[in-house]
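Undergrad: Model the full assembly from the supplied sequences, consistent with the hints where possible.
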Amino acid sequence: MTATTVRTKGPSQKFDFGRGLLYLIAALVLLAIIVPLSFSIIGGFRSNSQLAAQPVGLPDPWVWTNYQTALTDPSFYGWVRNSVLIALITTALVLPAASLAAFVIARYKFRGRELVFALFTLGLLFPVAVAILPLFITLRQTGLLNSPLGIALPQAAFGLPLSIVILRPFFRSIPRDLEDAAAIDGCGPLRFYWSVMLPLSRPVLSTIAVLTVVGSWNAFLLPLLVLIQPEQWTLPLGINNISAQYVTDTAMILAYTTLAMIPALIFYFIAQRQIVTGLTTGGVKG
Amino acid sequence: MVISDPQVKVTRPNRIVRRAPGTAPWPVIFAFLLPALALYTLFVLYPITQSIRYSGYDWNGLEPLTDWVGLQNFRDAFADPLFIEAITHNGIIIGLSLLLQIPFAVALAVLLTRNLKGRGVFRTMYFAPFILSEVVTGVVWRQIYRPDGLFDQVLAGVGAGDLSREWLADPKIALYSLFFVISWKYFGFHMVLILAGLQLIPTELEEASAIDGASFWKGFRYVTLPLLGPTIRVSMFLSIIGALQLFDLVWVTTKGGPVNSTATMATYLVDWGFRRGQFGFASAVSVIVFGLSLIVALLYQRFVLRRDLEGALTT
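Residue numbers (the working numbering), protein chains in the order written: chain X, 78 to 363; chain W, 8 to 322.
Fair warning: there could be bad hints in the mix.
[What the hints assert, rightly or not] What follows is a set of in silico ranges between Cβ atoms, one per label pair, in the way DEER data are often shown:
1. W:K262 to X:V161: 26 to 32 Å
2. X:E308 to W:G298: 36 to 42 Å
3. X:L107 to W:E173: 27 to 33 Å
4. X:T146 to W:Q206: 45 to 51 Å
5. X:N125 to W:A176: 29 to 35 Å
6. W:L207 to X:P280: 19 to 25 Å
7. X:E308 to W:G29: 20 to 26 Å
For the record, the hints were derived by calculation from the structure and aren't laboratory data. Here a beta-carbon is modelled for each residue, glycine too, at the ideal position from N, C-alpha and C.
TA: Okay, here's the thing in structure tokens:
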């Protein structure tokens with residue numbers, strides 16, 4: 078970390094000092110990320126009096142009751158189950174719908190093609206909040222309030238723009254020769270899409286699946302308003318409720334929140350490449 | 008959109024020899040588009056048009072739509088100082104993001120491209136908060152900001168205990184406390200975006216300027232920064248759009264309080280629509296949010312984004 082340890086790399090004293098400073102800044106920012114996260118993880122192992130007395134460092138003694146309470150809470154597993162179910166349905170809707178549409182938009186000439194594409198890209202701008210009131214009315218009329226489908230369908234619809242924007246250039250870049258060859262072999266558009274395009278697009282499709290799952294897993298506004306019955310709640314709703322219910326019990330809140338956070342972090346470390354490349358190439362809508 | 012898609016890059020030569028796009032009978036095209044169009048129309052386009060319709064009525068969301076009031080809901084919204092405050096708060100978040108968060112992300116990205124050991128680890132960790140939900144983020148930070156909580160104790164630990172405040176309970180600073188959390192969660196995303204942009208800049212250019220005797224700062228200012236322009240503009244745009252929609256984080260930490268000091272357009276909308284059952288009025292608010300997003304997008308498209316996207320999004 079000091080100037081001398083990295084001297085071999087730099088041509089001058091001044092440059093070495095600069096490198097030391099770079100590491101110092103990078104490390105401080107790293108600390109600013111890690112401390113809140115570990116505060117939550119370790120905080121769940123403290124009692125409230127320990128938290129008040131000494132929120133940093135390791136707990137002494139380790140308190141297991143908070144995590145125990147959370148992990149034996151049947152409603153916690155209900156939230157996880159609902160979140161998983163909704164994420165899976167949303168992804169199962171987005172993947173075929175987006176890839177079919179992006180396929181013809183990317184590779185076929187037809188009237189109104191640019192209009193259709195523009196319509197979808199426009200959707201990148203619309204937050205769910207803009208449509209939430211009529212959505213609520215529609216879902217109430219169709220009996221989809223308090224149902225996983227009532228979340229998955231609108232979420233899939235709002236996920237289409239980003240997915241199509243990511244897929245289109247990828248589909249475009251697949252050589253025409255392949256299509257010509259397939260056509261000579263008597264392969265129609267559907268066959269070509271299914272047997273040639275989809276297998277070739279596996280990486281970009283998995284990127285879209287990952288982004289859709291993350292988006293669904295984290296969604297709050299729509300579930301908050303649509304899932305009124307506690308049995309239907311997703312993890313974010315449950316955690317929001319826990320933080321109100323245990324308002325003075327910080328340690329308990331941290332235990333629940335950590336348990337909600339860990340699947341997302343694990344998922345991130347596994348699927349990091351898809352998430353990062355998907356969001357930087359597809360780029361839009363953070 | 009802009010940046011480094013290895014697959015696309017590898018196959019780019021094919022584009023040059025590509026012939027006209029294929030044709031197919033329109034029923035086939037339509038069948039391919041149908042699932043996406045149906046979903047999108049039913050759950051995105053139709054609700055937005057309905058919002059516009061509701062906005063002209065005094066309506067509680069239950070009875071038939073009969074009480075037409077024209078533009079009165081819009082007049083009421085703009086006459087409500089609380090709504091103007093909410094818009095101002097969105098504006099403050101946008102301003103702070105553009106002035107502080109994005110320059111910070113650019114600086115860190117540039118820092119990480121200089122031969123830093125363990126740069127992959129830094130990048131991975133900086134990005135990590137982005138994938139956490141705003142609910143989890145908000146709940147954890149609410150605990151951190153408690154009086155005598157972690158934040159205060161860290162301040163005391165570095166000898167700045169005097170700075171302790173009621174971070175979320177003091178109307179004067181609650182919004183800025185939230186901005187800090189927003190930056191904590193999102194700067195990594197912008198940094199990664201900018202890193203990807205930096206990788207597209209040929210290192211020869213920077214080396215050449217260094218050989219010509221340009222200092223690091225001059226090289227950055229006159230070579231790197233201009234070439235990075237498109238990426239930074241995309242980053243700014245995403246930041247603005249995100250700030251216009253700000254809801255989750257505010258709702259779980261302060262619900263817009265104390266005394267309206269952190270309310271945003273979206274919390275105002277949800278409050279009026281779902282807590283007070285004023286669907287017509289809340290729809291007018293949603294139309295305003297929609298309009299503002301559209302204006303930002305069109306201005307952006309018109310003045311900035313067009314040339315950035317050419318050759319990146321459109322091929």
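Undergrad: None of the hints should be skipped; say for each whether it holds.
TA: Evaluated hints:
1. W:K262 to X:V161: 26 to 32 Å: Once the Cβ atoms are compared, 28 Å apart, the range 26 to 32 Å for V161 (chain X) and K262 (chain W) holds.
2. X:E308 to W:G298: 36 to 42 Å: holds (38 Å)
3. X:L107 to W:E173: 27 to 33 Å: holds (28 Å)
4. X:T146 to W:Q206: 45 to 51 Å: This hint holds: roughly 47 Å between Cβ atoms.
5. X:N125 to W:A176: 29 to 35 Å: Violated, at about 19 Å.
6. W:L207 to X:P280: 19 to 25 Å: Hint holds: Cβ distance 20 Å, inside 19 to 25 Å.
7. X:E308 to W:G29: 20 to 26 Å: violated (50 Å)
In the structure shown, a violation is registered for the earlier hints numbered 5, 7, in ascending order.
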